[in-house]
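Asks: Each chain, letter by letter, is given below.
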Amino acid sequence: MKKQYLLSMYQPQGPIPDAEFLAEVMAELGKIRSELQATGDWVFGQGLHQPDTSTVLRPKDGEVLVVDGPFTEGKEYLGGVTVIKAVDLDAALAWGRRYAQVTGLAIEVRPFQGEVED
Amino acid sequence: MDDRPATPLPPGEIERIFRAEYGRAVAVLVRGLGDIDLAEEAVQEAFAVAAERWPTAGLPPSPAGWLITTARNKAIDRARREATRDARQAEAALLHSPEVTTDAQEDAVPDDRLRLIFTCCHPALGEQAQVALTLRLLGGLSTGEIARAFLVGEPTMAQRLVRAKGKIRDARIPYRVPAESDLPDRLRPVLAVLYLIYNEGYLAAEGGSAREELCAEAIRLARLLAALMPDEPEVLGLLALMLLIQSRRPARFGPDGTLVLLADQDRGLWDQELIAEGQALVRRCLRRDRPGPYQIQAAVNAVHSDAATAAATDWAQILRLYDQQLALAPTPVVALHRAVALAEVAGPAAALAEVDTLATRLDGYHLLHALRADLLTRLGRRDEAAEALARALARTRNPAEREQLERRLREI
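Top to bottom, those sequences are chains A and B. Numbering of the first sequence is given in the UniProt record's numbering, commencing with residue 1 and proceeding in unit increments. Numbering of the second sequence is given in the UniProt record's numbering, commencing with residue 1 and proceeding in unit increments.
This is chain A alone, in the form it adopts within the complex (with noise of 0.2 Å):
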C-alpha cells in the first residue's frame, strides 16, 4: 500500500520570470511527469493562476460571505500542486526535490489521509 502526498509548490511575489526560462522549466517538469505517470504514481499536477484570481467564501452569522482573495497575503503564495503516490515519506521526498531543483522553487510535501493500492 502506498500513500499520497501533496508536493505544493511556493512562488516569491514578484515579476514572471521570461518566457525561456519558463519553457525549460515546462520542459523538465514534463519529464518528472512522464516518469511518475510510468510508474502509475502520479495522481494529479496543475499549476494555479495569480493568487489575484482567488475568492473566497466565509461563514459568518448562518450566511456565507463572498470576498476577493487571496486567503492569505504573503511574500510567497501557492503558485501549483502535484499529488503523488510514494511508498514513504523518503520516496516523496526524493520527488519533491526534483520540483525544487527544476522550478528552484521551495516545496512543501505533505501526506493525505489514509492509504491508496499501490
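Some hints here could point you the wrong way.
Result set (SDA-like, lysine to any residue): computed pairs, CA atoms no more than 20 Å apart in a straight line [said to hold, decoys possible]:
1) Lys167(B) x Thr55(A)
2) Lys75(A) x Thr55(A)
3) Lys2(A) x Ala64(B)
4) Lys2(A) x Lys167(B)
5) Lys2(A) x Pro111(A)
6) Lys167(B) x Lys75(A)
7) Lys167(B) x Ala91(A)
Quick list of simulated restraints, FRET-style, between CB atoms [what the hints assert, rightly or not]:
8) Glu127(B) x Glu63(A): 25 to 35 Å
9) Asp118(A) x Asp37(B): 54 to 64 Å
10) Arg33(A) x Arg188(B): 25 to 35 Å
11) Glu76(A) x Asp323(B): 53 to 63 Å
Source of the hints: derived by calculation from the structure; they are not laboratory data. Yeah, the Cβ is synthetic: ideal placement off N, Cα and C, and Gly gets one too.
Model the placement of chain B on the given structure of chain A, informed by the hints.
Replies: Coordinates of chain B only, in the frame set by chain A:
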C-alpha cells in the same frame, strides 16, 4: 529457569538493564509492529514483568533475549485481544519475523537500533523532536527525565514526543538505514543530535543532575553508533571528541563549584583511561584519511590531552588543525577558536585583529567578548578588557560561566 536458585541482584541492576536494553527491544519490536507506540507499550509491559520476577527468580541467561521475547508475546496477546485488521497484520508480521525469535542468541540478531537512530534523527523532524525521540526510544529515558534535562515542563516534552511520533506515523517516515549515497546527508543530523545531547549535559553547572547525566547518555549512544558503523570516521571522531572532553570533567570545576578554565586545570585530575581511549580513536580516524569536523575537533582535544602542563601545549599543531577545520567548514565560530591558538603562536595583537573581523557576525556570542577581554588584558588595555567582559556577561545566562566572568572582571 524460574527454578534456579536466585542469586541476589545488585541494587540498580534492573534499572541498568532497562537503560541498556530498552532501545534494542523497542527497535526490534518497531520493525515487527510498524508502530512505535505499540512497540513501546509491549517493551514496557515486558520490563514490568521483569521487575516483578527477576528479584526472586534471578536473571535469565540472556536478559535482552528474554525481554524481546516477552515483549513480542505481549504484543501478540494485545493484537489478539484487539483483533483489528492492522493488529492481525502486525501479529502475522511478528510471528513470521525470524529475527525476533531470539533465544540466548540476541547478539547474533541484526541490530535494529541503527534503523531506529535514523528514524529518530530524520531531517523531516525538528531538531528538538530528534533529540527527544533519540533519548526516549534509544536511551530509554522517561519523558520526565528528558523534560528535566532540557529544562522544560513534562507536558511540553510529552506533547513534543506525541507530535514527533505522529509525524513518523502519518507522513510515513521510513524505518530503514539510508542508502550509501544518502548516508553523508543523513548521518549529519544523527551526529548533531548526539553532540547536542552531550553539550546540554556539559553546560550543566551542578554535578549529578539530570542534565549532567546527558553526557554519559550521549557517550553511550555514540559508543553504540561507533559499534554499528565502525567504518564511518566521523562517528569515531565524535566519540573520541566526547571522551576527550569528558576526561577533563573532574578538573573542570573547583572545590567551590566554580568553572576552571583549561589552562588553569589540575591535569593530574584528568581521566587517563578516557584520554587513552579517545587518543586511540583519533589515531584510528586519521589513518582513514577522510577528515571531517568532528575528527579535527577530537584531534585538537587530543593535542591538549598530550600536554603535561598548559605551557607545554603544541599550539602550532592546534593552529594547523583549525586551519584544516576552517577549510572544511568556514564558519565564524571555527575562526574564533582558531584565534585562541593564533594568540599562542603569533601573539595577542595578531589574534585580536582576527577576532575583531568576526565581531559583527558573532556579536551575540559571549565567548567572542570573553576572548577579546583576555587578549586586551594581555595587551595591557584594561579599560577595554573590562568593557568586553561586561558585554560577555550580558550575553550568557549559564551560572558557572557568569561566575567565572565576574571573577575575571574583579581581577582587572
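Asks: Compare the structure with each hint and give your call.
Replies: Do the hints match the structure? See the list:
| no. | hint | in the structure |
| --- | --- | --- |
| 1 | Lys167(B) x Thr55(A) | violated, 32 Å |
| 2 | Lys75(A) x Thr55(A) | holds, 19 Å |
| 3 | Lys2(A) x Ala64(B) | violated, 34 Å |
| 4 | Lys2(A) x Lys167(B) | holds, 16 Å |
| 5 | Lys2(A) x Pro111(A) | holds, 11 Å |
| 6 | Lys167(B) x Lys75(A) | violated, 27 Å |
| 7 | Lys167(B) x Ala91(A) | holds, 16 Å |
| 8 | Glu127(B) x Glu63(A): 25 to 35 Å | violated, 46 Å |
| 9 | Asp118(A) x Asp37(B): 54 to 64 Å | violated, 26 Å |
| 10 | Arg33(A) x Arg188(B): 25 to 35 Å | holds, 32 Å |
| 11 | Glu76(A) x Asp323(B): 53 to 63 Å | violated, 40 Å |
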